[in-house]
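Asks: Residue numbers (our numbering), protein chains in the order written: chain A, 1 to 222; chain B, 1 to 215.
Some clues are possibly wrong.
[Said to hold, decoys possible] Examples of chain B residues toward chain A, derived with CB under 8 Å: (1) Met-1; (2) Ala-70; (3) Gly-80; (4) Lys-86; (5) Ser-88; (6) Ser-90; (7) Pro-105; (8) Asp-107; (9) Ser-130; (10) Gly-132.
[To be verified] Computed footprint of chain A on chain B; a stretch qualifies when at least three of its residues, placed anywhere within it, have a C-beta under 8 Å from a C-beta of chain A: (11) 56-66; (12) 94-101.
Honestly, the hints are just simulated from the structure, not real lab data.
Positions of the beta carbon are idealized from the N, C-alpha and C atoms, including for glycine.
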Amino acid sequence: MTEFWTVLARDLKLAARDGGAVGTALGFYLIVVAMLPLGLGPDLKLLGRIAPGILWIGLLLSALLSLGRIFESDFEDGSLEVLMTGSAPLELVVAAKALAHWISTSLPLALLTPVLGLLLNLDVDAYGVLLATLIAGTPAISFLGSIGAALTLQARRGGLLVALLVLPLYIPTLIYGIATISAIVTPPGDAMSAFLILCALSLGSVVLGPIAAAAALRYQAQ
Amino acid sequence: MVQALAIEHVSVRRGERLVLRDITLRLNRAGTLLLKGHNGSGKTTLIRTIAGLLPSETGTVTLEGGRTEAEPGEQSHTIGHANGLKSSLSVRENLRFWRDFLNGPRDGVDRALAEFQLDDLADIPTAYLSAGQKRRTGLARLLVADRPLWLLDEPTTSLDTASTQVVVAAIEQHVTSGGLAIVATHLDLAARNAREVTLRAGTVVSASSDEVGDD
């Protein structure tokens, strides 16, 4: 288990030192959300109604931008091969890297969301539940995303390919995230069960993501 | 204690091409194997196969007397063309990470810094190092954790004569204390007790003797 914490600490330190990727993702999120009211016109009711969906989709797309970084630099500088021949199982190493991605990218994106909600006239009741669904749902983004990042390791300019592979996997998370919010904002609806399914999706991806990503890495590294 | 590395009838296919054909080699403890051969003769493929990074089509690689539950790759240091360094971390931070990840001893980093003459560079981010200094830092990973088998692919790339001597000394010390080393190189590394094997088109064409090292 020491290896897990070692890799996690290193990846967080690297994310803090070369802050570029996190900054890009946050900036992209901010710009996409800021442009929408300009495109849709000043209809506050309309904006308020579609705000949760826009924020969720904007967050998914911003997180996609940074997925490539999970394994790319380790692959290029040869670290990945050493990580693969360590005494820790590769699945554990991948889990540490995906967790580092969640802490360094997905979580800041989720925490930025309430601020962006102001730009979209988000319903006052929705702030708390939106933040809760994002925090509960974003682990799925990082851990499922690690599968796509591992699969496209050898593909030059694999950015678009990652989007094609990974976005469909995010659909259930998106559906139950939005379902939870709309059950709270426009009752009736069963918010709790939708939220619990959202949590279950995240927990499932935390388990399955590293196994699938490790298998993909073993193949890609050949 | 590891007694020998046995490579038996190993063939490796890359795409349609058979890159290694039926390689059988045996390296006893306290032995160094120098792999020679032209570009594309299969040196890197052989090293990566031993490390477990490439699957072999036939044959087996076993580390006799090693930990039975661990693959040979887990009991070896593999240094390929890339150095495995993070450019925004300092030399010391890079080595400390590898020590912690590879479960090395506490004093491993200091020992490696001293042995590879990196003390003066220890706190500089590796982005600012020259190619030779980066290579030395990459090689210093060999000393941060004890592993019986060293697999080195062209370790002396971009090193000057003095640094090459440091690497040779480190290999000799490792081998003298009972370790094994396989070094792919086109240079005449004057390592003691070394045996040369030449590869051509994926087969062994000349070997100085069948076995090497103490029996």
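Asks: Please go over all the hints and tell whether each is borne out by the structure.
Replies: Going down the list of hints, with the structure as the test:
1. Met-1: With a minimum Cβ separation of about 18 Å from chain A (threshold 8 Å), the hint on Met-1(B) is violated.
2. Ala-70: holds (7 Å)
3. Gly-80: Since the shortest Cβ distance to chain A is 6 Å, the answer is holds.
4. Lys-86: The hint holds - Lys-86(B) has a Cβ within 8 Å of chain A, the shortest such distance being about 6 Å.
5. Ser-88: At about 4 Å, which falls below the 8 Å cut-off, the nearest Cβ of chain A leaves the hint on Ser-88(B) intact, so it holds.
6. Ser-90: Since the shortest Cβ distance to chain A is 11 Å, the answer is violated.
7. Pro-105: violated (13 Å)
8. Asp-107: Violated - the Cβ of Asp-107(B) stays beyond 8 Å from chain A, reaching only about 17 Å at its closest.
9. Ser-130: Result: violated, 16 Å to nearest chain A Cβ.
10. Gly-132: For Gly-132(B), the interface hint is violated, since the closest Cβ of chain A sits about 17 Å away, which is over 8 Å.
11. 56-66: Check failed, 0 qualifying residues.
12. 94-101: With 4 residues closer than 8 Å to chain A, the stretch 94-101 of chain B meets the three-residue bar; holds.
In this structure, the earlier hints numbered 1, 6, 7, 8, 9, 10, 11 are contradicted, and the remaining ones agree with it.
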